[in-house]
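A.B. asks: Sequence:
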Amino acid sequence: MSVWDEVSGQPRAVATFQRAVAASRPGVEDRQGFTNSWLITGPPGSGRSTCAYAFAAALLCPEGGCGTCRSCTQVAARTHPDLTAVVTETVQLDIGTARELVERASLAPSSGNYRIIVVEDADRMVARTSNTLLKAIEEPALSTVWVLCAPSEADLLPTIRSRVRTVALGTPAPDEVARLLVRRHGIDEATALRAAEEAQSHVGMAARLVTSPESWARRDRALDGILGMRTTGQAVRKAAEWVAIAEEDGKAAAADRDETERAEMFRTLGLEPGQAVPRQLRGMFKELEDHQKKRARRATLDGVDRILTDAQSLWRDVLMLELQAPVRLVNETRRAEIERAAGAGDPQRALDSIGAITTTRQRLAANVPPALALEELLIGFVAG
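First residue of the sequence shown: -15, per my numbering; consecutive thereafter.
If you're looking for bench data, these hints aren't it; they were derived computationally from the structure. As the structure is a computational prediction, the values presented were derived from the model and not from experiment. Just so it is clear, CB atoms sit at the ideal spot from N, CA and C, and this is done for glycine as well. Check the hints yourself; a few may be wrong.
What the hints assert, rightly or not - Per label pair, the in silico range of CB-to-CB distance:
no.	residue 1	residue 2	range
1	Thr215	Ala(-1)	52 to 58 Å
2	Ser196	Arg266	32 to 38 Å
3	Pro310	Gly48	39 to 45 Å
4	Pro197	Thr343	28 to 34 Å
Stated by the list, open to error - In silico DSBU-like links for lysine-lysine, alpha-carbon gap of 30 Å or less:
no.	residue 1	residue 2
5	Lys270	Lys235
6	Lys235	Lys277
7	Lys278	Lys119
8	Lys278	Lys235
Starting from the given sequences, assemble the full structure and let the hints guide the process.
C.D. replies: Here you go:
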């Protein structure tokens, strides 16, 4: 067993990190393979964060990443005292978090050779946040390792990306993701392969499909009927349904956590469950509620983005059939409706629809309300 077993389809990246781990050991003279600031890039689902935590575990493990010792177990649970895991739960990584990271980066490790800071969504840093971190990343303490994750180098400021060593990940093949799902979740190979293909090799999304029937049902509901819409009314109703599905998806992921956080605050402040909150403490609860609302907004936007990815895969399948390309369909279970849509023999419509989805993503990034952006997109499907 090894911490690298969870990294699917990235042999070159794994080899790079293994060389870095070997070069990081005390007493090693040739340390060219090691540096203190890293950037892992790759498309969504390629395993950026999985790779980052495997690297962190290997650096902190006395055996270089055995996967079974106390240190490796703590990293896997994100409880290792020398690991700081930064998961951006809102739309942007805020300046306060950045300042806390700078302070933490100056501290000596408590048990291992390194203090490791993993920033999972470095692309969510605005310029002010990036500038706050710049000096700490440019001149890190010898015992501090930064591991940033982002879709591409272009998602970071030039001043940041010029100070890090970049390791680029590719999209793993569906069969590689399927093997990981079989090993991790004990499911049958056919289900694993279907999940891997429909998730387009997004490891996290594929895992969610096989562990949550509700997630798979929401995906099916989102895709139902979008290739056969005939009226503007149908498009408007479908847009509303997409927003509702995205919100439902986000609530399903956050509901238990929100309640747990509120209950924990009651306990911390010495309040009984259901007790009226004293006036002097209401500000703390308001701050928690505001944070949860921001997190819910991001969860909704992430849900919309997943729906757009799935819709894009459907139009991709239509295009592949129209061009008679010798490739497997992403949505094989929807072959009949895909064939009907492809029967029109108009590849340009599929291309335009794929392009419109890209434009919709740009509009959402510019803070256009999801309902408005999705209505325009789906009406375009009808007009196409």
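A.B. asks: Against each hint, give a clear statement of whether it holds in the structure.
C.D. replies: Structure-based check of all given hints:
| no. | hint | verdict |
| --- | --- | --- |
| 1 | Thr215 / Ala(-1): 52 to 58 Å | holds, 55 Å |
| 2 | Ser196 / Arg266: 32 to 38 Å | holds, 36 Å |
| 3 | Pro310 / Gly48: 39 to 45 Å | holds, 43 Å |
| 4 | Pro197 / Thr343: 28 to 34 Å | holds, 33 Å |
| 5 | Lys270 / Lys235 | holds, 19 Å |
| 6 | Lys235 / Lys277 | holds, 11 Å |
| 7 | Lys278 / Lys119 | holds, 29 Å |
| 8 | Lys278 / Lys235 | holds, 13 Å |
The structure fails none of the hints (numbered hints given earlier).
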